Structure formats: C-alpha cells, structure tokens
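Asker: Here the structure of chain A is known, so what remains is to put chain B in place on it, guided by the hints.
First to last, the sequence lines map onto chains A and B. Under the numbering used here, the first residue of the first sequence is numbered 1209, with each subsequent residue one higher. Under the numbering used here, the first residue of the second sequence is numbered 567, with each subsequent residue one higher.
Among the hints, erroneous ones may be present.
As the list claims (entries may be wrong) - Quick list of the computed label-pair ranges, beta carbon to beta carbon:
1) A/Ser1590 with B/Ala670: 32 to 42 Å
2) B/Ala666 with A/Ser1265: 23 to 33 Å
3) A/Arg1250 with B/Ile624: 36 to 46 Å
4) A/Arg1250 with B/Arg612: 17 to 27 Å
5) A/Ser1590 with B/Thr673: 26 to 36 Å
6) B/Ala666 with A/Val1455: 36 to 46 Å
7) A/His1438 with B/Val599: 45 to 55 Å
8) A/Thr1298 with B/Val599: 35 to 45 Å
9) A/Phe1599 with B/Thr673: 44 to 54 Å
10) B/Ile621 with A/Ala1473: 57 to 67 Å
11) A/Ser1265 with B/Asp623: 38 to 48 Å
Keep in mind the hints are simulated off the structure, nothing from the lab. As the structure is a computational prediction, the values presented were derived from the model and not from experiment. Backbone N, C-alpha and C fix where the C-beta goes; we use that ideal spot for every residue, glycine too.
Residues per chain are reported as follows:
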Amino acid sequence: MVARADRAPRHMQGTGESESARVRAMSPTSGVTVQFEHVTKRYDRSEKGPGAVNDLSLDIPAGKICILVGPSGCGKTTSLKMVNRLIEPTAGRILIDGKDAAQEDPIALRRRIGYVIQQVGLFPHLTIGDNVSVVPRLLGWDRKKQVARSNELLELVGLSVDRYAKRYPSQLSGGERQRVGVARALAADPPLMLMDEPFGAVDPIVRERLQNEFLRLQGELAKTILFVTHDIDEAIKLGDLVAVMQVGGTLAQFATPAEMLSNPASDFVARFVGTDRGLKRLSLTKVSEVKPRPAFTARVGDDGADVRKRAQAEGIRYALLVDTAEHPVGWIPVRRIPDQGRLTEGLAESMSPIFEPANTLKDALGRLLGAGVEQGIVVDESGRVRGLLTFADFGELLRTEDAS
Amino acid sequence: MDTAWVLDHLDDLASRLLQHIVLASIALAVGFVISLGLAILAVRRRRTYGPIVVISDILYVIPSLAIFAVFVSITGITLLTVEIPLVLYTLLIYVRNIAAGFDAIPTDVLEAADGMGFTRWRRLRSIELPLAVPLIVAGLRLASVSTIGLVTITAVLGDTFGGLGHFILEGYSRSFPTEIYFGAIPSILLAIVADVTFVRIQRRATPWSRTSALGRLA
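Just chain A, with the same shape it has in the complex (with noise of 0.2 Å):
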C-alpha cells in the first residue's frame, strides 16, 4: 500500500489517507443481546445423537462475553451454530438484539456476525490481507476501504502490515494464524462473534498470551460474544457468563464464574468445575480487593534506636524498611539495627515478592510458593506499602470460599 501511495499522484495521497483515517475514525459496533428461547436440536435418530441441545434458554446481555463449556458431546458447538444457522434448530428461538434469527436471511445474517473457528479455516489461497477482508468484499465494499480496514485490523491484532499483509496462510505460525482469523472475524464490525474454542489448538503460553489480548480487544470493543470451550479454566478466566453444558445438549448452570465456583448447581457442575474450586476462585480475586495485614515499616533515614525500641516493645523480628515514597527496599532484622545512626537503604538484607494491585491471588500465591518465603509485600497502584499476605492469609480466604 505503501509503495501505491508512493506512486500516485499527491492529491490522491490525500483521497487515500483521509479514506483510512474515516475507517479508523469509525467507533466500533458495540454488543446485542442474544437470547436462546427453548431451543432444541434434535437429529433423525430416535436415540440422542451426539451434539444434539435440549430445552436450552440464556438470556445474554449486550457487550457480555458468555462461555459455553462442557463436555464433548454436550452439544455446545451445536447451540452456537444455531445462532448464525449453520444448524437449524428443530424447536425454540433465537433472538439477537430481540429479532428472530429464523425470519433473517441466512447470508446476511453471517456477514453481520463474526465466526471464529479453531482450525482457524484461512483461505490458503489468498495473502493475509486479504483473508482479512473478506467479509467486506462479499459486502462490497470499495477496495481502498477494505485495505484501510484490513491493515487497521491487522494492526489491532499486533500484526506489522508490512510484514504480513501480503503473506499466505503457510506462511504464519498458529498463533499468527489465529489472530488473523480474530482480524478477519472483526472485520466487517459485527456487533456479536461466535467463538468454537479458537484458542484451542496453539500451545500453553501461546494460548495465555492470546487470551490475555483478547481480553484487552474485547475492554476497547465491548462485543457480544458466544464462546465455547471445553477447558473450564479458560471459561472461569474470560468469561463474563459461563453456561456449563452436560451430555444431552442440557444446561447445568448459567452464572457468573465466581457464583458458578462458590455455589455450584449441581454435582456434575461441582465435579466439572474441578476439586480445587478454593483455587479457582482465588485466579478470580484481584490482590486490591482483600484487605492485607498491617506492615512493621521503618523508614531510610529513621533514627536507628527509635527503630528497635519501638520493634521489641511489639515483639517484632523483622521490619520492613521503605523509602520516603514509602516504596519498599527490604527486611531488616531487628537485632542487626546500629545502636547510633540513622537507617540506610544498605541495612535490608532481603526483599519479598511484591503484590500488585492487578496480580490475581492465584499469581500472589503461585510467586509466594516460587520464592519460598513465607510472606509477600502488597503495594497499591503508585508502589506504595499498603501491607503484607502471608501463607496463613491465603489459607484463611480458601477455607472461607469453601464454607460458602
């Protein structure tokens, strides 16, 4: 596009970036509401065949990311392409945005819906660019507007345009691919995606980092989203909603992913969510939002004896010593302080890890274990000491999400 522009005369430079720049300029789409009324699937066969949904309802708010997990066979594959009618539902409706999917032409009602698919399902005969633009160009868009949109998008996903609008397909990792297949989902700006499991075949750490973008495309663009997986832990961590799906196409629970944890509907869902439930809800609890056990500090610059007449009368062994931020520098042991003279940042003899306000109490305690020490420093958004969480702290907040 680039070498295009280099050529083209100067005032069609001008058509060319105020084109892009009104693409760029255009707010996103934000979410619809998508309701499931008694919709059942049934195939042929008189018994149940696999994927088949029974009597399932879910009510949907806009901008809301629902998951769908469950089993295979539970029929959460099925219930999503029953929303852009890849599969026709024998009975039951479905709405989005209060209008019935079934009285919209199929073709139209894909091209406004976004579709991601696990094996990705790129076009390999066409460049990444235009992969991306391929539901603009079924919508007949002018060509310039496409590009501007697809390198827009390939941008948002963390694709360089040079580097990969005018690759094919094989030529991209899995994890590449698979954000190409989110820009190319996007690209028409549908107000809802459907999702089947599209994080599901890159590895572990590709796998977190694309959940982690996701999650910060989907703070910016505030789609609806159906999602389905069969990896609980993923629905617990995206999920807004998450509807667990047992064999026979039924739903076994509609609820937030800390009600589903602490209030399991049924034994399948308890057994589904896993036996470390306690765990789980800790990956849902941010470090800001439990109150941590007062700190012993002294300050650099504090008179030294001060300092350890005031830790024996409390009968403490340690403190902690911060700058006059009130950042954290270290442990002093208490019995080391000099008699004459003021603290120094050179006293402190060792550090814990530091809890951010953002870091989730199963990262706190996954780094409490990872240090073996027994207590960590938790700061608040300026890096300021706002206290200390201990291994016994942690046990305490498991035991009472238990007991709930």
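Answerer: Using the frame of chain A, we list chain B on its own:
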C-alpha cells in the same frame, strides 16, 4: 533416416502437427467443460458420485479401435467421429481429478466460508475452484498426454484425420521407418511440451503453494 524425404515433407509435418493440436485441443476443451459439470454434481450430490465415476470408468475401458469403428457406422467419417471418442476418453481422467480436487479442500476452510456468509455459488467460484486448481491441472496433464496419443489412432479413419498418426500408419504400411519416426517423434515432443506448459500454468495460478516452508525461514 532418409534426410531428403524428411526435408521434402516439412510442409506436410507442419499441417499435420497443426491438425494434431486442433483435434486434441477440441477434445480436451469439450471434455473439460462436461467433466467440470459432472464433478461438481458428483461432489455436491454425493449419491451421484458412484454412478458418474462408474460410467466414465466403463467408457474408458472400451478399446479405442472399436469405439472409432462403432462411430463411423453412426456419424460417418466426420469430425464428430473423431471427437466423440476422444472426449469420452478424457471424462474418466478429468472427473476423477476434479472431484479429488474438491474433496481435498479442508473442511474447516469450507466451514469458515459458510460461517462468513458466502453463497453457494460465490464459495464455488472464489474458494473451491481456486483451491482445486492443483488437482484439476494434474487432470489436464494426464488427459492431454493421453489425448495426444489417441489422436494418432484416428489415422485409421483415413487421410482426412490422424494428425501426426497419419505418418506413423503410412510409414508402417509402406515399411518405411523414416516416416514412422517422422510421425512418432514430434507427437512425443508435443505431449512433453503440453505437459510442461500445464505445469507452468499451475505455478502461475497457485502462487500460494510456492511459498510454504522457505518463506517462514526467511
């Protein structure tokens, strides 16, 4: 080798070569159009797949001399008598290859296309046909080589047809090896040229298949 005879008949060679190319091209083109239709039908309606392949199979096993003889009794010594058997012989090769080309398209690609709102026709035109090109061209290569060979047999219908086969048959009946070579060698070369041309066309038409592993290393 009778060089004088060869030099004397270069004009003949040119016109027979041209005839050979024309006779083969007509059969290849007509056969292709019919086969494309049949293959699409076979892939779309799975139930027709078996019958279509079986019928083209049966046509293929009829001995070529017999089929030309039968058509002489129906259509006389005309272009139709030459082309109908040639076309029938291309069907099996084409249909099998084109159908295999469609079958080789990964199902996730088709599912993605449907999910994004391709119509049936649009999907066929801009996804399935381009992706089936490698196997379609493989069919063209096989069919062209086999048809170029079969055109020589049409020499049994008399001087009017036969292309380069005319020299082979005449040389044989006159026990004149120079003339046999005069027909055989150019027809072999023609088959090779046709084959190479189709490989070139395929490379040109499928830029995506050239760029796999090496591109990723770069």
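Asker: If you check each hint against the structure, which ones fail?
Answerer: Failing hints, ascending: 1, 2, 5 and 11.
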